[in-house]
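Novice: Residue numbers (full-length UniProt numbering), protein chains in the order written: chain R, 1 to 264; chain P, 1 to 278.
To be clear, the hints were calculated from the coordinates, so they are not data collected in a lab.
Even glycine gets a Cβ: it sits at the ideal position worked out from N, Cα and C.
One or more hints might be untrue.
To be verified - Here are some of the chain R residues that sit facing chain P, going by a computed Cβ distance under 8 Å:
id: 1; residue: R165
id: 2; residue: I214
id: 3; residue: L218
id: 4; residue: R225
id: 5; residue: Q228
id: 6; residue: R233
As the list claims (entries may be wrong) - When the alpha-carbon atoms are kept at most 30 Å apart in a straight line, the in silico DSSO-like pairs for lysine-lysine are as follows:
id: 7; chain 1: R; residue 1: K244; chain 2: R; residue 2: K61
id: 8; chain 1: R; residue 1: K244; chain 2: R; residue 2: K59
id: 9; chain 1: R; residue 1: K176; chain 2: P; residue 2: K23
id: 10; chain 1: R; residue 1: K18; chain 2: R; residue 2: K244
id: 11; chain 1: R; residue 1: K235; chain 2: P; residue 2: K77
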Amino acid sequence: MTKLLLGRYLPGDSWVHKLDPRTKLMASFYYIGIIFLANNWQTYLLMFVATMVMVAASKIKLGFFLRGVRPMIWLILFTVMLQVFFTKGGTTYWSWGWLAITQYGLTNGAFIFMRFVLIIFVSTLLTLTTQPLSLADAVESLLKPLRVLHVPVTELALVLQIALRFVPTLMDQTTKIMNAQRARGVDFGTGNLFQQMKAVVPLLIPLFVDSFGIAEDLATAMDARGYQGGDGRTKFRVLQYHQKDIFAGLVMVVLTVSLVFMRA
Amino acid sequence: MTVAIDIQHLNYRYPDAEKPALKDVSLTIAQGEWVAIIGHNGSGKSTLAKNINGLLAPGSGQVTVAGMPLTEENVWKIREKVGIVFQNPDNQFVGATVQDDVAFGLENRAVPRPEMVTRVHDALAQVNMLEFATREPARLSGGQKQRVAIAGIIAQRPDIIILDEATSMLDPAGRAEVLALIQELQAQSKMTVVSITHDVDEAASADRVILLNDGEVVEQGTPAEIFTHGEELLHLGLDVPYPERLKAALRRRGVAMPDRYLDQEGLVKYLWTLHSTM
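Please model the entire structure based on the sequences and the hints provided.
Specialist: Written out as structure tokens, the structure reads:
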């Protein structure tokens, strides 16, 4: 349980892993944006090939990405069905009352399906190749301009970093409390929904109390080590753009231009 | 003799507490000295440590650290001189990885990054944790975490290091590991060490032992002097091992207990056979 981390980072040293986390974060959002530019077979094919190249560059097995699609599959199928049954136009293949399967409906359904899959693949690629901590660094670095508006960016980043740091600690604590309560006869994971919810109470309350204790200890330790908050601190962890990042940016530009020319 | 810490007539009372936690405590600790402060729980040991670097503000009296009186203006300068290793290895680990944690104190003091990198490296080398530099705390043992905490302090190059029951949550191996490290560091750098402890071995490594009881200094002297005062004094200062306390408590409830000394495992075995014959 202690090995659990937020996200599903897979350590590696591929080209994608080595990109600056800021590049990956921005490029992922941008890429998801331009997926919406695709509106015909050619453009969807282009985006599909581009995504597959990125997946290949990460040296991560395709299975991990497909697993990312699985929890969303019912939502995807539902949306695809809506498109298939309610888009009118072109040749009608089948109809029953107000339901009809048409040529346009089928193509739209396929496009929506592709769109979902590509978006999931790209966001999975981001979380699989970037450590949560690096993502936190990236968010801090990218939000820095907001300091002008007196948003406490450095403090928020530290809060985020400490939260990530204490996830395994609290998981450990949870296991300990669960065992202690089991020894006292609390039954976790059986009974109806209401009984299960009730069993969580003796778990949550000690955990809640504990986390306050931890917070107090941590605050004392931070104080003793000279933490005064604010922007007067230097940073041990620095992010630096490399040639790779420029290249990744160029790829995004080329893709955008191609999409604009190829779309219907 | 240069004085590292000088405390004169220090009094402290926690808000809402009936009794004062420290009563007229006066003591002087020389630069390079290793002093152990012992006393049972609630004797004011940790309160004293927190008064030295201004985590608590003295009620009355004068605290001088490295020649600077403890005042609101000096408090951050004093904290630069005094590093504290706390009891719980997990709750003082701020960084997401070992090297981030060691760098935390340096970041706070706005040390330029190139210097920070060398200082973090050197400190980790000194505590023998270099190979763990990029590990997350969840993958370290308690003793290793305390070594990282010590690295975080020596990276700041303080004059004084306070161990606030720093070994009390560790297993015997971790305790020995941390104690050996402190002895080595002290021999090398002549740092002043103040160790607040229940551990007999830790108290025995000190140059001087100060015994606190109910917020007052009861006795001070070399470990040999203190330990010859016999059982009673030891019971006043050093915690009776947990199995012994449990034995006494069970005996009071009328459970027959053997007289010989039992360690934890021995006691568990004894209790277990007791239950199965009932």
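Novice: Less than 8 Å between beta-carbons is the criterion; does R165/R satisfy it with respect to chain P?
Specialist: holds (5 Å)
Novice: Would the pair K176/R and K23/P pass a check requiring their Cα atoms to be no farther apart than 30 Å?
Specialist: Between K176/R and K23/P the Cα gap is close to 39 Å, so the pair fails against 30 Å, i.e. violated.
Novice: Does the alpha-carbon distance linking K18/R and K244/R stay inside the 30 Å limit?
Specialist: With a Cα-Cα distance of about 8 Å, the restraint between K18/R and K244/R holds, given a limit of 30 Å.
Novice: Verify the proposed pairing of K235/R with K77/P, using a straight-line Cα cut of 30 Å.
Specialist: holds (21 Å)
Novice: Just to be careful: measuring from the Cβ of L218/R to every Cβ in chain P, is the smallest value less than 8 Å?
Specialist: holds (5 Å)
Novice: Are K244/R and K61/R close enough, with their CA atoms no more than 30 Å apart?
Specialist: holds (22 Å)
Novice: Does R225/R meet its interface restraint, that is, does its C-beta lie within less than 8 Å of any C-beta in chain P?
Specialist: holds (4 Å)
Novice: When the nearest CB of chain P is found for I214/R, is that gap smaller than 8 Å?
Specialist: Interface hint status for I214/R: holds (5 Å vs cutoff 8 Å).
Novice: Given a cut of 8 Å on the nearest C-beta pair, is the interface hint for R233/R held or broken against chain P?
Specialist: This hint holds: R233/R lies near chain P, its Cβ roughly 5 Å from the closest one there, short of 8 Å.
Novice: Are K244/R and K59/R close enough, with their CA atoms no more than 30 Å apart?
Specialist: holds (16 Å)
Novice: Given a cut of 8 Å on the nearest C-beta pair, is the interface hint for Q228/R held or broken against chain P?
Specialist: holds (7 Å)
The structure shown violates just one earlier hint, number 9.
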